[in-house]
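Trainee: Listed below are the residues making up each chain.
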Amino acid sequence: MSLETLIGVFILLLLCVITVGVYLRQFKFDEELYKATLAQSGGVEYGAAVQESEGDDVARLEIAGLQSLGVPETFDEETLSQKIDGRAELYLGCGFEKLTTARYALADDPGAWFEIFVFDMGVPRNAFAVYSLQRRSEATDAAFAQFSYAAENALFFVCGRFYVEIVGAQTTPALMETMTAAGKAFVAQRSEEEIAFLEVSLFPQEFLQKEQIRFVPADGFGYEKFNDVFVGPYELPSGRLEAFVSVRNSSEEASQLAQAYLDFLIRLGSEKIGVASGEIADLKAVDLLGDTELVFTAGKVVAGIHAATDRAAALELAEKLYREIQRAAK
Amino acid sequence: MSEAERRNDRITRRRFLKRAAKSGLSIAAAGSLAYWLHDAVGPSAARAAKTTIALPDGSIPSLGSRMAVVEGKNRAESLKRGLDALGGIQAFVQRGDRVVVKVNAAFASPPMLGATTHPELVGEMVRLCLRAGAVEVRVVDNPINDPASCFRLTGIGEATEQAGGKLILPRQDFFKPFTLAGGELIRNWPVLATPLDGANKIIGLAPLKDHHRAGASMTMKNWYGFLGGRRNIFHQDIHNTVKELAMMVRPTLVVLDATVAMMTNGPTGGSLSDLKEIKTLIVSTDQVAADALGCELLGKAIADLPYIAKAAEAGVGTADYKSLNPIRIAA
Numbered sequence: 062m063s064l065e066t067l068i069g070v071f072i073l074l075l076l077c078v079i080t081v082g083v084y085l086r087q088f089k090f091d092e093e094l095y096k097a098t099l100a101q102s103g104g105v106e107y108g109a110a111v112q113e114s115e116g117d118d119v120a121r122l123e124i125a126g127l128q129s130l131g132v133p134e135t136f137d138e139e140t141l142s143q144k145i146d147g148r149a150e151l152y153l154g155c156g157f158e159k160l161t162t163a164r165y166a167l168a169d170d171p172g173a174w175f176e177i178f179v180f181d182m183g184v185p186r187n188a189f190a191v192y193s194l195q196r197r198s199e200a201t202d203a204a205f206a207q208f209s210y211a212a213e214n215a216l217f218f219v220c221g222r223f224y225v226e227i228v229g230a231q232t233t234p235a236l237m238e239t240m241t242a243a244g245k246a247f248v249a250q251r252s253e254e255e256i257a258f259l260e261v262s263l264f265p266q267e268f269l270q271k272e273q274i275r276f277v278p279a280d281g282f283g284y285e286k287f288n289d290v291f292v293g294p295y296e297l298p299s300g301r302l303e304a305f306v307s308v309r310n311s312s313e314e315a316s317q318l319a320q321a322y323l324d325f326l327i328r329l330g331s332e333k334i335g336v337a338s339g340e341i342a343d344l345k346a347v348d349l350l351g352d353t354e355l356v357f358t359a360g361k362v363v364a365g366i367h368a369a370t371d372r373a374a375a376l377e378l379a380e381k382l383y384r385e386i387q388r389a390a391k
Numbered sequence: 513m514s515e516a517e518r519r520n521d522r523i524t525r526r527r528f529l530k531r532a533a534k535s536g537l538s539i540a541a542a543g544s545l546a547y548w549l550h551d552a553v554g555p556s557a558a559r560a561a562k563t564t565i566a567l568p569d570g571s572i573p574s575l576g577s578r579m580a581v582v583e584g585k586n587r588a589e590s591l592k593r594g595l596d597a598l599g600g601i602q603a604f605v606q607r608g609d610r611v612v613v614k615v616n617a618a619f620a621s622p623p624m625l626g627a628t629t630h631p632e633l634v635g636e637m638v639r640l641c642l643r644a645g646a647v648e649v650r651v652v653d654n655p656i657n658d659p660a661s662c663f664r665l666t667g668i669g670e671a672t673e674q675a676g677g678k679l680i681l682p683r684q685d686f687f688k689p690f691t692l693a694g695g696e697l698i699r700n701w702p703v704l705a706t707p708l709d710g711a712n713k714i715i716g717l718a719p720l721k722d723h724h725r726a727g728a729s730m731t732m733k734n735w736y737g738f739l740g741g742r743r744n745i746f747h748q749d750i751h752n753t754v755k756e757l758a759m760m761v762r763p764t765l766v767v768l769d770a771t772v773a774m775m776t777n778g779p780t781g782g783s784l785s786d787l788k789e790i791k792t793l794i795v796s797t798d799q800v801a802a803d804a805l806g807c808e809l810l811g812k813a814i815a816d817l818p819y820i821a822k823a824a825e826a827g828v829g830t831a832d833y834k835s836l837n838p839i840r841i842a843a
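Each protein sequence line maps, in turn, to chains S and E.
The numbering of the first sequence is our numbering, which starts it at 62 and goes up by one.
The numbering of the second sequence is our numbering, which starts it at 513 and goes up by one.
Bear in mind the hints are in silico, worked out from the structure with no lab data behind them.
Where hints are given, some of them may not hold.
Said to hold, decoys possible - Derived list of chain S stretches under chain E, where covered just means 3 residues or more per stretch with a C-beta under 8 Å from a C-beta of chain E: (1) 141 to 153; (2) 195 to 208; (3) 304 to 311.
As the structure is a prediction and not an experimental result, all values here were calculated from the model.
Beta carbons are placed, not taken as given, at the ideal position from N, Cα and C, and that holds for glycine.
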């Protein structure tokens with residue numbers, strides 16, 4: 062048999078093998094392409110949660126009297142909903158990067174356990190956003206972090222770029238004491254500097270409900286372009302008001318945003334109204350179903366009063382806000 | 513090589529044409545075979561439909577649509593009173609029945625946080641079913657978190673076993689492709705089917721909860737725990753998804769537990785301040801009606817939860833729960 066014949070036979074055999082292989086392989090198609098994936102189950106790898114790596118100890122607590130209940134779990138943007146389901150959207154919309162969770166119990170009482178959720182939000186502003194947007198109204202200051210509060214069974218606080226929840230399975234004093242110690246240890250380990258938001262310093266202090274200030278990173282008041290807005294609630298003798306402040310990159314951007322927001326409100330059915338201010342030159346006002354919205358700019362700042370029922374009180378607060386902004390600009 | 517050998521080795525035109533023809537035929541044959549086997553489209557819906565499974569129908573048409581609303585703090589007591597008002601457990605479960613109790617064990621969360629079905633309710637339902645003569649009561653869910661942790665930390669696992677029920681942890685081979693007749697979303701999707709094999713009664717036990725995405729999580733959304741795969745995709749059209757879930761499952765009975773309801777920060781909650789003691793338990797054969805009343809208890813309007821109207825329009829039940837003349841009892 063000649064060399065060419067041998068090579069030819071070899072190639073034919075190879076082609077036959079390839080053909081058989083393709084024939085068999087094509088029956089094992091990727092179900093993912095046809096939306097027929099199957100759930101995994103069992104252990105800490107359920108739902109494709111990412112295991113904690115060697116160098117990732119953000120949820121590790123070294124406190125006397127605690128026993129660890131299993132291996133910490135981490136979740137990224139893709140898997141966050143596997144831990145917190147529908148609430149994932151809130152975090153994803155605020156710059157979420159990673160969640161690490163771990164469970165611990167009292168060494169002498171395994172039934173007294175808690176879970177720590179450490180949300181890495183990337184930057185302190187984002188951590189403050191998710192903290193402030195979920196802050197429970199019936200809460201007491203936990204006092205071990207700049208932004209922190211305690212509920213009957215849980216602690217919530219901001220530490221640098223982290224938003225942390227420590228949620229207990231019981232409300233016993235022993236468990237709450239341990240959880241508080243855990244929270245303090247977490248903060249102490251990181252030595253984070255106090256967070257100072259310029260926008261917060263612009264709110265007039267009188268009647269301001271400081272613990273209820275919230276940061277809305279996107280979709281402020283339902284308007285998709287109104288991002289990076291701080292909202293400060295006030296409890297005035299005449300009732301409740303909300304002031305808002307957003308610092309932009311330039312005065313031009315501030316003017317454009319203010320006008321765009323007003324146009325948005327008018328599209329919703331608001332009517333322009335005349336509200337005269339002796340101090341604020343470009344104050345604009347609209348009325349939406351009886352609520353007054355005041356909007357103005359001061360340099361790079363867009364500010365105003367949101368959905369006020371008392372127009373006179375709203376104007377007074379707006380002028381105070383304007384003065385604070387002017388004072389800060391000097 | 514000799515001159516004679518070289519002369520013999522030279523290919524003639526005839527030999528060339530023969531070889532070329534043979535090669536061409538081989539290539540054509542291989543190409544034709546490949547073309548015949550090639551499937552550019554992939555599995556068709558028709559083919560998928562042939563592989564879909566059927567889910568059992570647990571409904572009892574002769575009972576019609578009925579509802580009991582029980583006011584009380586004790587879940588077990590409220591459940592008994594509610595069932596008694598509707599004819600007793602024996603109206604729903606008879607000797608020889610195989611019952612599936614679908615709980616909400618979605619999160620590895622302690623009972624007091626209200627994110628999952630309360631174990632007291634699970635235990636009492638299992639006991640009542642067994643007393644009525646059921647040969648088996650299976651407690652099932654496909655949790656969002658690790659199943660073993662969920663069933664342990666919620667207390668549902670222990671309550672089930674103490675009551676004599678059978679806890680079914682989901683396994684990959686328990687999921688089968690299912691296509692909802694008339695459905696647009698649940699098509700050829702893995703569903704937790706094996707625990708339903710041989711079952712003839714389906715009971716849903718759901719806590720009343722706010723839900724960040726859907727507005728509320730109640731008896732219809734409870735069936736979400738039958739879905740497998742990357743079910744997060746359904747969040748993109750959650751209201752139509754819940755409608756189709758309600759079309760998919762025909763329960764014998766649903767129980768909506770509003771003894772302590774999660775009013776905010778659902779579905780996970782986390783703080784006791786998210787909860788409110790409403791002291792109400794809804795027992796009904798109509799899951800749409802149960803959810804409509806649940807919506808009211810959460811302080812929301814029906815319009816806030818579009819899936820209720822969608823399910824009603826699909827013929828699953830009625831959003832006008834008052835038309836059922838609910839029997840109201842104080843436990």
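Trainee: Each hint needs a verdict: does it hold in this structure or not?
Mentor: Do the hints match the structure? See the list:
1. Counting residues of the region 141 to 153 of chain S whose C-beta lies closer than 8 Å to any C-beta of chain E gives 9; at least three are required, and the coverage claim holds.
2. Evaluation of the coverage hint for the region 195 to 208 of chain S: fulfilled, as 5 residues show C-beta separations to chain E shorter than 8 Å, against a requirement of three.
3. Check on the region 304 to 311 of chain S: 0 of its residues sit with their Cβ under 8 Å from a Cβ of chain E, so the three-residue criterion for coverage is violated.
In this structure, only the earlier hint numbered 3 is contradicted, and the remaining ones agree with it.
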